[in-house]
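Trainee: Below are the chains, spelled out letter by letter.
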Amino acid sequence: MPNSDDFLKEFHWLMDVLQDIDVGLVVLNKDFEIELWNSFMQNHSAKLPTHVLGKNLFEMFPEVPAAWFQRKVQTVFTLHNPAFTTWEQRPYLFKFLNYRLITGVADFMYQNCTILPLTNTSGQIEHICIIIYDVTEVAVNRLQLQKANDQLHTLSRTDGLTRLLNRKAWEQSLEEEFKRFQRNNAAVSLIMFDIDHFKKVNDGYGHPAGDEVIRATANILRASQREIDIAGRYGGEEFAVILLNCDADGAKVFAERLRQSIENFTVTHNGIDIKYTISLGISELGPCISNPTDWIETADKGLYQAKENGRNKSVIFSKK
Amino acid sequence: MSAILAIREEQRDCLQELTNVAMGQAGDRLARLLDTFVILSIPHIAVMSPSDIAMTLQSIDTARSISGVCQGFIGGGIAGEAILLFNDTSFQDLAKLMKYDDELDQQAERELLMDTTNVLFGACLRGLGEQIDQGFSFASPMLLGQHQDINELFNIKNARWENALVTEINYQLEGYSVNCDLLIVIADESVDLLLKKLDFMLD
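In the order they appear, the protein sequences are chains A and B. Position 177 of the first sequence, counting from 1, maps to 177 under this note's numbering, and the rest follow consecutively. Position 46 of the second sequence, counting from 1, maps to 46 under this note's numbering, and the rest follow consecutively.
Think of the hints as simulated: they come from the structure by calculation, not from any bench. By construction, the Cβ of each residue, glycine as well, lies at the ideal position given by its N, Cα and C atoms. Hints may contain errors.
Beta-carbon label-pair distances, calculated as ranges [as the list claims (entries may be wrong)]:
1. Arg180(A) to Ser59(B): 14 to 24 Å
2. Glu174(B) to Leu53(A): 37 to 47 Å
3. Gln260(A) to Lys157(B): 55 to 65 Å
4. Asp101(B) to Tyr304(A): 57 to 67 Å
5. Ala106(A) to Lys157(B): 48 to 58 Å
6. Tyr176(B) to Thr50(A): 43 to 53 Å
7. Gln146(A) to Gln58(B): 20 to 30 Å
8. Asn20(B) to Asn184(A): 42 to 52 Å
Interface residues of chain A toward chain B, partial, derived using beta-carbon atoms under 8 Å [stated by the list, open to error]:
9. Thr75
10. Asn81
11. Pro82
12. Asn112
Produce the complete structure using the sequences and hints provided.
Mentor: The structure is reproduced here in structure tokens:
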């Protein structure tokens, strides 16, 4: 049978483990008073045990949201079960600033926390233990990965020259809106338009000037559209915009405004002023249009009519 | 021969009964914590293959009305993972239930799902553990489909097991629009040990 000296020795090295383990350990009683504060906590918070022991957690660390934390702890006391928080829900419980000048990757320590119930000798829960894990590197890596993926996602959907949606992404939206119409029947219109005699711009002023005209057209389109409208570059000098909650008459108003804005605008490239116009075809979605391709075709027909009628016009397509 | 496929009727009954008792205890604790009556179904024990699980997971779609949270557990060689599926659950109700009165942004909704999972599953497994005299460690809950396509996360071809013992329990909370299914999935090696424990109780 071990004597009390052995027990003391064992207790001593056990305490060393608790002290020096590379996770934060905090023991709280039912009144949220701190009863254990290991060296991880001590070193990162710059608060000595003598300073925090017996003190209320929320008074010492106002960054810990009291209501939220108490609710969490309530489940530990009632269910005798651990509770968890992850950095994705709350970046940290205790705000510990980054201490590594060179290899530090974040402004503060991202933390995962586990809250454990501690049973006393009679099997009751009077204390809880908070374990704080430093997960800064995992968190930063994941956030960077997510950011890179988001950027890739945006890049793959954007047209480089105009920063409008590219054709593939726009067509996806067109399909979604077509399906939405089957469900809710809310008015939705499509405008296809292109730049009149664009070839002449390219031939007369050079391709960089043509690019400038396309970019200017996209900017005017962006400035005229509402936030919910979906604008894309459909082809070379062809653009398309889906107008949500908008019937043919509303789309006609939009189209005319856009047409006039462009007619009144002057692109200046290398000191040369370029004036140009656009023609637009409008098609409101209705039961006689059976798929997204048909929808584009009807708007295209409106566009051809606008061209035939002398260009710089907008025409609502209707089946006659 | 797979221990799961060789499971005897009396073992299955025993497990069902144990789970039922555990759920009763859990229900009592939950009722006290949540101040509401918890309606629990009788646990249903089934043998599932990876493709069954994959099908279940596919019903989870972040854009639609079903969300899922996984939480791993391990103790005494018995290990597995719980899946909690929230069907048509109102976040407002969940927040009321968990006494969550902060603003409900997406972050908060995720936290609610994870906390609810931890509470419901923790209560159940603790009850089960007490009866078979086995404590369990829990991993922190993980929201499915948040960072990874679910199809990528669980690929049938890569599954390291062939059969799993699945205990399925349905929870409803009186007066709240909260309805969820808890699936406790235990793979072959663990089932062996679990069945030994059951046999010991049956003798």
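Trainee: So, for every hint listed, does it hold in this structure?
Mentor: Hints, verified against the model:
{"no.": "1", "hint": "Arg180(A) to Ser59(B): 14 to 24 Å", "result": "holds, 23 Å"}
{"no.": "2", "hint": "Glu174(B) to Leu53(A): 37 to 47 Å", "result": "holds, 44 Å"}
{"no.": "3", "hint": "Gln260(A) to Lys157(B): 55 to 65 Å", "result": "holds, 60 Å"}
{"no.": "4", "hint": "Asp101(B) to Tyr304(A): 57 to 67 Å", "result": "holds, 60 Å"}
{"no.": "5", "hint": "Ala106(A) to Lys157(B): 48 to 58 Å", "result": "violated, 37 Å"}
{"no.": "6", "hint": "Tyr176(B) to Thr50(A): 43 to 53 Å", "result": "holds, 47 Å"}
{"no.": "7", "hint": "Gln146(A) to Gln58(B): 20 to 30 Å", "result": "holds, 23 Å"}
{"no.": "8", "hint": "Asn20(B) to Asn184(A): 42 to 52 Å", "result": "holds, 45 Å"}
{"no.": "9", "hint": "Thr75", "result": "holds, 5 Å"}
{"no.": "10", "hint": "Asn81", "result": "holds, 4 Å"}
{"no.": "11", "hint": "Pro82", "result": "holds, 6 Å"}
{"no.": "12", "hint": "Asn112", "result": "holds, 6 Å"}
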